[in-house]
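Based on the hints, put chain B in the right spot on chain A.
As a plain string of letters, each chain reads:
Number of protein chains: 2
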Amino acid sequence: MNYQDKKVLITGGLGFIGSNLAIRLCELGAQVTIVDPSVNGCGANDFNIHPVLGSVSIIRASIADSDSLQEALRQRPIIFNLAGEISHHHSMAFPERDLEINTLAQLHFLLTVARFAPQSRVVYAGTRQVYGTPDYLPVDENHPIKPVDFNGVHKYAAAMYHRMLSDMGKLDALVLRLTNVYGPRMALDVPCQGFLATFLRKLLTGQQLEIFGDGKQLRDPIYVDDAVEAFLIAGAAEKFPSHSYNVGGPEPLSLAAIATTGSQLAGLPSPSFREFPDEHKRIDIGSYYTDSTRIRTELGWVPRTRFQDGFERTLAYYHSNLRRYLDPSQPNPPCKLVNHDNPQSEAKSEIVRA
Amino acid sequence: MNYQDKKVLITGGLGFIGSNLAIRLCELGAQVTIVDPSVNGCGANDFNIHPVLGSVSIIRASIADSDSLQEALRQRPIIFNLAGEISHHHSMAFPERDLEINTLAQLHFLLTVARFAPQSRVVYAGTRQVYGTPDYLPVDENHPIKPVDFNGVHKYAAAMYHRMLSDMGKLDALVLRLTNVYGPRMALDVPCQGFLATFLRKLLTGQQLEIFGDGKQLRDPIYVDDAVEAFLIAGAAEKFPSHSYNVGGPEPLSLAAIATTGSQLAGLPSPSFREFPDEHKRIDIGSYYTDSTRIRTELGWVPRTRFQDGFERTLAYYHSNLRRYLDPSQPNPPCKLVNHDNPQSEAKSEIVRA
Chain A
73 MNYQDKKVLI TGGLGFIGSN LAIRLCELGA QVTIVDPSVN GCGANDFNIH PVLGSVSIIR
133 ASIADSDSLQ EALRQRPIIF NLAGEISHHH SMAFPERDLE INTLAQLHFL LTVARFAPQS
193 RVVYAGTRQV YGTPDYLPVD ENHPIKPVDF NGVHKYAAAM YHRMLSDMGK LDALVLRLTN
253 VYGPRMALDV PCQGFLATFL RKLLTGQQLE IFGDGKQLRD PIYVDDAVEA FLIAGAAEKF
313 PSHSYNVGGP EPLSLAAIAT TGSQLAGLPS PSFREFPDEH KRIDIGSYYT DSTRIRTELG
373 WVPRTRFQDG FERTLAYYHS NLRRYLDPSQ PNPPCKLVNH DNPQSEAKSE IVRA
Chain B
73 MNYQDKKVLI TGGLGFIGSN LAIRLCELGA QVTIVDPSVN GCGANDFNIH PVLGSVSIIR
133 ASIADSDSLQ EALRQRPIIF NLAGEISHHH SMAFPERDLE INTLAQLHFL LTVARFAPQS
193 RVVYAGTRQV YGTPDYLPVD ENHPIKPVDF NGVHKYAAAM YHRMLSDMGK LDALVLRLTN
253 VYGPRMALDV PCQGFLATFL RKLLTGQQLE IFGDGKQLRD PIYVDDAVEA FLIAGAAEKF
313 PSHSYNVGGP EPLSLAAIAT TGSQLAGLPS PSFREFPDEH KRIDIGSYYT DSTRIRTELG
373 WVPRTRFQDG FERTLAYYHS NLRRYLDPSQ PNPPCKLVNH DNPQSEAKSE IVRA
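Listed in order, the protein sequences are those of chains A and B. Residue numbering for the first sequence follows the numbering used here, beginning at 73 and increasing consecutively. Residue numbering for the second sequence follows the numbering used here, beginning at 73 and increasing consecutively.
Chain A with its partners taken away, still in its complex shape (with noise of 0.2 Å):
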């Protein structure tokens, strides 16, 4: 996994998981190229980039933007392609912009790169989300594709892309089905981007954390220096067998004693606990972790960081940097994505799924 004076292309590079990509990139001595238009709601921050400034390239444009993309393209680098909107919650609310930002631009992009710079190896950034609420479990790459929101049917579509692209010969392809990842450099003033976004946010703000119902579902959060790891070994290996390979945590935790464990290691209450509102209970797919057997056996990734080790480290971060992420003035922030022109269309309230 030799990546010095590599050229290498991250869409998305501003964001939480390209831009830990970004600078673990540069430690490596790779020639880091960013293409990252910040679109709202989406988890760019510039700050995320701070200690690899004067090493990368940045093109602020989108993935769509054919034009702006294809002078790096045609150095051929490899392709990290981690653009895109995460959040359930944006896309149940405006699904048409989740659409365009996590197929169309898609769609745009993987033209464009198998234009320029045909064969071209792209990672990209899939999500456990497509397989829905789990009819078994751990949940492994046959399960079947269900998802169960707009961000999981656009990003499953993109995902078909990048694989028949490359089964024609176009690209040279594979899909990371990620599980819940956390790290520093996550955006926390995006209220609608998952459960840990939103403890991790409360924790910083000294509020307890709540936990609907009895909080026995299970999860298997991944520390981003794991999933970076993974990016690297899939855009280095020689081969891989298969076109998509699930990206799971080291162990299954309940919610529960994630939110526990979080709440001890900032030195705050336990989390309390109460009934689950009627909108939560709608969307809740129950416990889903992870089977990793496929990347394990093919690439030879394997998870390495424990919660409690990865949480401390992603506080010990917010701790020195909070103000780059936060307003503490405004510790709940609203919805970026509410129109408040049109009321109709506005996100009523935060409803996370775990």
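Errors might be hidden in some of the hints.
Identical copies go unnamed one by one, so any copy, or any two together, can satisfy a pair.
Claimed, not checked - Mimicking EDC-like on lysine to aspartate or glutamate, the simulated pairs with C-alpha atoms at most 16 Å apart in a straight line are:
#1 K353 - E323
#2 K311 - E168
#3 K218 - D239
#4 K353 - D239
#5 K311 - D244
#6 K242 - E351
#7 K288 - E168
#8 K311 - D239
#9 K353 - E213
If you are wondering where the hints come from, they were derived from the structure by calculation, not from laboratory data. None of these values were measured; they are calculated from a predicted model.
Leaving out everything else, chain B in the frame of chain A:
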């Protein structure tokens, strides 16, 4: 299966299968409303519904046009959702157009249905193209989803919308994954709609058929009346235990056998054989035929029409009505989507996947 006085809405009702369905529903006493904007290349033909012209209402609007559909939807019809583009070739030449027609428009339509006619029964015309090149034969519903063209990706995204919105309680939808359908009212002047339409057009204009390779690849063509019957059963079923049902023909036949039977029925010489052209070899999916066990056992549908009989009836229909479907002075019509102002975007040759 009683459709007497039932209100039904057929999207794409001026097209091939939709118009046959409309005529059958009129015979059964239903009150039929057709939604069809006659999009270029999608096979709509006003003559298709000639036999029932006085008995059906027609809304000449896109399914994405919420305002035009509200009144019809408020009457809570059973919805047969056949609007779309089915051409492999068009989708590869104009993928964004295919996304707009097959995914974006369906998104708008289903949100409109969920709003004005919540919990409506919707029977969606899916396609066997979502399976791509078969891993095994016959292909059942558990076969991996790996479309080999944009059309398959986009139609699968629309199928996921149907499933997801049904799981959320907003629709009561199911998907029929149709194999190659043939019969009266297929478009003959759109040269990119599959091998059966091409065979038919050539036979009707006195051209000897040409088979690439040995013609041993299997298909299971289904006569349109049998496909219509599947829609009728699905629309009326009290319960349907599954989300998706394969709808295949009565028997697998080789392309050579299909062409030979067709030529005999048309009174033309047997097909000639020639080497597989490269551009066809690349997109050939080998043999495909359907395992329709699920719809047989769960919904009681069976295909009844043997190819010989169905094709004979098809030829008879066109012998009486050929000028409504083809300009006899142009027996090999060009692709209607070719943009003569922009030769870059032209569909250069007629590559029809079997």
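Subject >> Violating hint indices (sorted, rising) >> reply: Going through the list in order, the structure violates hints 1, 2, 7 and 9 and respects the others.
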